[in-house]
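Visitor: Here are the chains, one letter per residue:
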Amino acid sequence: MNLKQRWKGFLFFLAIAGPGIITSNVDNDAGGIATYSMAGSFFGNRLLWSLLPIMIALIIIQEMSARMGVVTGKGLSDLIREHFGVKVTVYVLLAVILTNFGNVIAEFAGVASSLEIFSVPKYVSVPLSAFFVWLLVVKGTYRSVEKVFLYACLFYITYIISGILAKPDWAEIGKSLVRPQLDFSPGQLGMIIGLVGTTIAPWMQFYLQASVVEKNIPVKDYKHSRLDVIIGSFVVTVVAGFIVLTCAATLFKAGVRVDTASEAALALKPLAGKYCSALFAFGLLNASLFAASILPLSTSFLVCEGMGWETGVNKKFSEAPQFYGLYSLLIFLGAGIILLPKIPLFSVMYISQIINGIVLPAILIFMLVLVNNKKLMGEHVNKKGYNIISGITIVVLIILTVAYLVTLVA
Amino acid sequence: MSLGAKNELEKKETANKAAVAETCPKMFVYFSELQGRALIDSRGRTVGKIDDLKVKLGELFPKVTSLVVRRRRLKKLSALDWAEVENFNGEVISLKAEAENRFSPLEVGREELLLRADLLDKQVVDTSGAKIERVNDIHLLTANKELRIVHVDFGIRGILRRLGWIKAVDSFINWLFAYQYPEKIVSWKYVQPLASDPKANLKLNVTVRKLHDLHPSDLADILEDLNQANRSSVFKTLDLQTAAETLQEVDPKIQMSLIEATPEELVTDILEEMEPDEAKDFLAELPEERMKKLLRRMEKPYRENVEELLKYEEGTAGSIMTKDFIALDRDTTIAQAIEEFKNVFHPLETVAYLYVTDEKKRLVGVVTVRQLLICNTQEPLKKLMNPYLVKIRTEDPVEQAADLFNKYKLLALPVVDQENVIQGIITLQDIVETRTKEL
Numbered sequence: 066m067n068l069k070q071r072w073k074g075f076l077f078f079l080a081i082a083g084p085g086i087i088t089s090n091v092d093n094d095a096g097g098i099a100t101y102s103m104a105g106s107f108f109g110n111r112l113l114w115s116l117l118p119i120m121i122a123l124i125i126i127q128e129m130s131a132r133m134g135v136v137t138g139k140g141l142s143d144l145i146r147e148h149f150g151v152k153v154t155v156y157v158l159l160a161v162i163l164t165n166f167g168n169v170i171a172e173f174a175g176v177a178s179s180l181e182i183f184s185v186p187k188y189v190s191v192p193l194s195a196f197f198v199w200l201l202v203v204k205g206t207y208r209s210v211e212k213v214f215l216y217a218c219l220f221y222i223t224y225i226i227s228g229i230l231a232k233p234d235w236a237e238i239g240k241s242l243v244r245p246q247l248d249f250s251p252g253q254l255g256m257i258i259g260l261v262g263t264t265i266a267p268w269m270q271f272y273l274q275a276s277v278v279e280k281n282i283p284v285k286d287y288k289h290s291r292l293d294v295i296i297g298s299f300v301v302t303v304v305a306g307f308i309v310l311t312c313a314a315t316l317f318k319a320g321v322r323v324d325t326a327s328e329a330a331l332a333l334k335p336l337a338g339k340y341c342s343a344l345f346a347f348g349l350l351n352a353s354l355f356a357a358s359i360l361p362l363s364t365s366f367l368v369c370e371g372m373g374w375e376t377g378v379n380k381k382f383s384e385a386p387q388f389y390g391l392y393s394l395l396i397f398l399g400a401g402i403i404l405l406p407k408i409p410l411f412s413v414m415y416i417s418q419i420i421n422g423i424v425l426p427a428i429l430i431f432m433l434v435l436v437n438n439k440k441l442m443g444e445h446v447n448k449k450g451y452n453i454i455s456g457i458t459i460v461v462l463i464i465l466t467v468a469y470l471v472t473l474v475a
Numbered sequence: 066m067s068l069g070a071k072n073e074l075e076k077k078e079t080a081n082k083a084a085v086a087e088t089c090p091k092m093f094v095y096f097s098e099l100q101g102r103a104l105i106d107s108r109g110r111t112v113g114k115i116d117d118l119k120v121k122l123g124e125l126f127p128k129v130t131s132l133v134v135r136r137r138r139l140k141k142l143s144a145l146d147w148a149e150v151e152n153f154n155g156e157v158i159s160l161k162a163e164a165e166n167r168f169s170p171l172e173v174g175r176e177e178l179l180l181r182a183d184l185l186d187k188q189v190v191d192t193s194g195a196k197i198e199r200v201n202d203i204h205l206l207t208a209n210k211e212l213r214i215v216h217v218d219f220g221i222r223g224i225l226r227r228l229g230w231i232k233a234v235d236s237f238i239n240w241l242f243a244y245q246y247p248e249k250i251v252s253w254k255y256v257q258p259l260a261s262d263p264k265a266n267l268k269l270n271v272t273v274r275k276l277h278d279l280h281p282s283d284l285a286d287i288l289e290d291l292n293q294a295n296r297s298s299v300f301k302t303l304d305l306q307t308a309a310e311t312l313q314e315v316d317p318k319i320q321m322s323l324i325e326a327t328p329e330e331l332v333t334d335i336l337e338e339m340e341p342d343e344a345k346d347f348l349a350e351l352p353e354e355r356m357k358k359l360l361r362r363m364e365k366p367y368r369e370n371v372e373e374l375l376k377y378e379e380g381t382a383g384s385i386m387t388k389d390f391i392a393l394d395r396d397t398t399i400a401q402a403i404e405e406f407k408n409v410f411h412p413l414e415t416v417a418y419l420y421v422t423d424e425k426k427r428l429v430g431v432v433t434v435r436q437l438l439i440c441n442t443q444e445p446l447k448k449l450m451n452p453y454l455v456k457i458r459t460e461d462p463v464e465q466a467a468d469l470f471n472k473y474k475l476l477a478l479p480v481v482d483q484e485n486v487i488q489g490i491i492t493l494q495d496i497v498e499t500r501t502k503e504l
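The listed protein sequences derive, respectively, from chains A and B.
Going by this note's numbering, the residue at position 410 of the first sequence is 475; the numbering climbs one at a time, nothing skipped.
Going by this note's numbering, the residue at position 81 of the second sequence is 146; the numbering climbs one at a time, nothing skipped.
Hints should not be assumed to be uniformly reliable.
Unchecked claim - Which stretches of chain A does chain B cover? Using the computed rule of at least three CB atoms under 8 Å from a CB of chain B, they are:
id: 1; stretch: 132-141
id: 2; stretch: 146-154
id: 3; stretch: 278-292
Don't read these hints as lab results, they were simulated from the structure.
In this text, all values refer to a predicted model and were calculated from it rather than measured experimentally.
No residue lacks a Cβ here, since even glycine has one placed at the ideal position from N, Cα and C.
With the hints as extra help, turn the sequences into a complete structure.
Guide: Rendered as structure tokens:
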């Protein structure tokens, strides 16, 4: 394949990269990489099986978001406001702001720890990246940078190659996939919640639905969006699976329990040798910046949409004060917290994902009620299978959360 | 008049006022304060809780016609005519005797609106600010035993009131900044509700009239901010002229989605109403087949105009010119020319100049409207026309036209073909538009 053909192939990828694929790539953010690395290095392949049911739930849930977006032409917070009233909306939005704020902090933790590999102190890297991200949106240059981020996501392929080169025990992996195990220790319970929370994050449902609405997709073209969502969900889980098994085959075997980025980077050693740190740092930095430029923006959008405040990056500050205020606050406060001395970066990333997992069932309940509303969705209401699978997801998550909190206290 | 007598009189007046106030108390109440209130029957028993109110649109300040009541938990909503209300003092709603037997199933007809289901928390258009807002609360006025919508609350206070935080937040802000957050309420006359379920009901169509007072450019901004379903339902209700002017102003992406959702007959009617150069620009964006189909449906004179414009290459003077101009033979008298002006039935893009042609339709001069108005009406045009005119050829580049506008401070520039026959004009507006598009 010559260079020109390869270039064309890339362009084709961009052309088909719809909201589903973009959302999935943002999904593998700093919190995601940290959580998957920790899952593999702490528990080996023992929790690998959980990614299969997570993928099914992810496809079902993302499909519902996309369908609601196409059919109603409205965002999720918009629908929650119109159907549950302002009281419910305010409390839901507060929960979402706090959860997403946790994720924003995690993204800056990702920036800090990736650049620490190149011995850039966080007191330099974090303020600079916060300002960069803030400017991207305020200056309206985000769209052109998005493509760069998206290409850089090809970095995840390195995990697949490294995973194969590390010669993992495929038989054991196969066994783990068909024979799920969980010992109900707080460590494993927390990790499962974190895995669900990072793969099916609450913010993704708002973001995906908003991007689908933004695209103005007619109902008759909905099948393309569904394919887009399915491909995206599949890719994100495959990448997650390979991060886990690569870390299991390298770090877990060597007895390394990931606590810093330079330790997590060792998973890429079979592929990159001594350059593994640089490669990992690059991937983590891209993932963090990509998500850091989307999360605060999407949060401000969904909050202002639900509350009925002016939104949009083409407005002046005085026209949309709440929008810009919240946006700036999320970025600069999130970055500011990372500047606190001695803050454990990897734990921050991991804990934010557990919070995602705990908040998720609440959001899912709202989504389920809305997507089953005949007046709203017409003939596109949920089929029975969808309700069963998302119902199970909600119940399992609530049970896991309760069990986790109980074991944590006990 | 003695001082004592005056005092006496004042006392009487205040007494009178109090009596009037007692017989018909006039006061404001927020819908959020009524929601969930108990409904008391003539014997003092609670018969249910107020869930919603139904109003009849049409009047300037619409009147509440029915109470929507939840009689028991998990039971369906039922309606009760407002006439069954015996007394409402802003706090308690009590019913007339036997009213509890006159509940009926809830039905919402055309031109009727439910405050909670159709208005509260929904998006509406505030035509006073030409903006889309979300309804946080509804301000009602009770007078003469009637309840009417007077204002809509778009402000933060409305949200705080419904959350039950208003007192706490007020005293906190007052303590901290000695300041009270202002109300943001807008009179109902500037509020245009949108259909909550645009696909299923068109009952609001008749009343979307309020939007017609807006300038098409503002209307275009509002359409861009609306969601797709509401956008096309509002668009369909606009009259042809407004629709055409609005369509020219909206973002091309949204133009497409509007046209997709509008029946073809209506689209062609709107296209015929548009200025030919705008219609051409619009059609040129469409897929070939769609464009041809629409063109075929247009009536002949309009179609020919647009088809002609489509012939010119992008970036040439011909591609941006408009066919909206007046050209008359040089032997026409001024009186006849003024008559011509009156007979043009659609608004011209510009009325600054009148072009003068010879018997072979070749451009020979120009007359300004000012000249028409002040000169002897029996003179032929050739007597007062200015034969030295600036013009441009259809195939010349747009930049050249822009330079001419710049140099000669023109309002419009005639465009001629190789035989010097006038084909169209370029207005200053056209130049400004192509320039801003480039930027």
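Visitor: Does each hint fit the structure? Answer for all of them.
Guide: Status of the hints after comparison with the structure:
1. By the rule of at least three residues with a Cβ nearer than 8 Å to a Cβ of chain B, the coverage given for the stretch 132-141 of chain A holds, with 3 such residues.
2. For the stretch 146-154 of chain A, the stated coverage by chain B is satisfied: 6 residues place a CB nearer than 8 Å to a CB of that chain, which reaches the threshold of 3.
3. With a threshold of 8 Å between beta carbons, the proposed coverage of the stretch 278-292 of chain A by chain B holds, since 3 of its residues qualify and at least three are required.
Every hint from the earlier list agrees with this structure, and none is contradicted.
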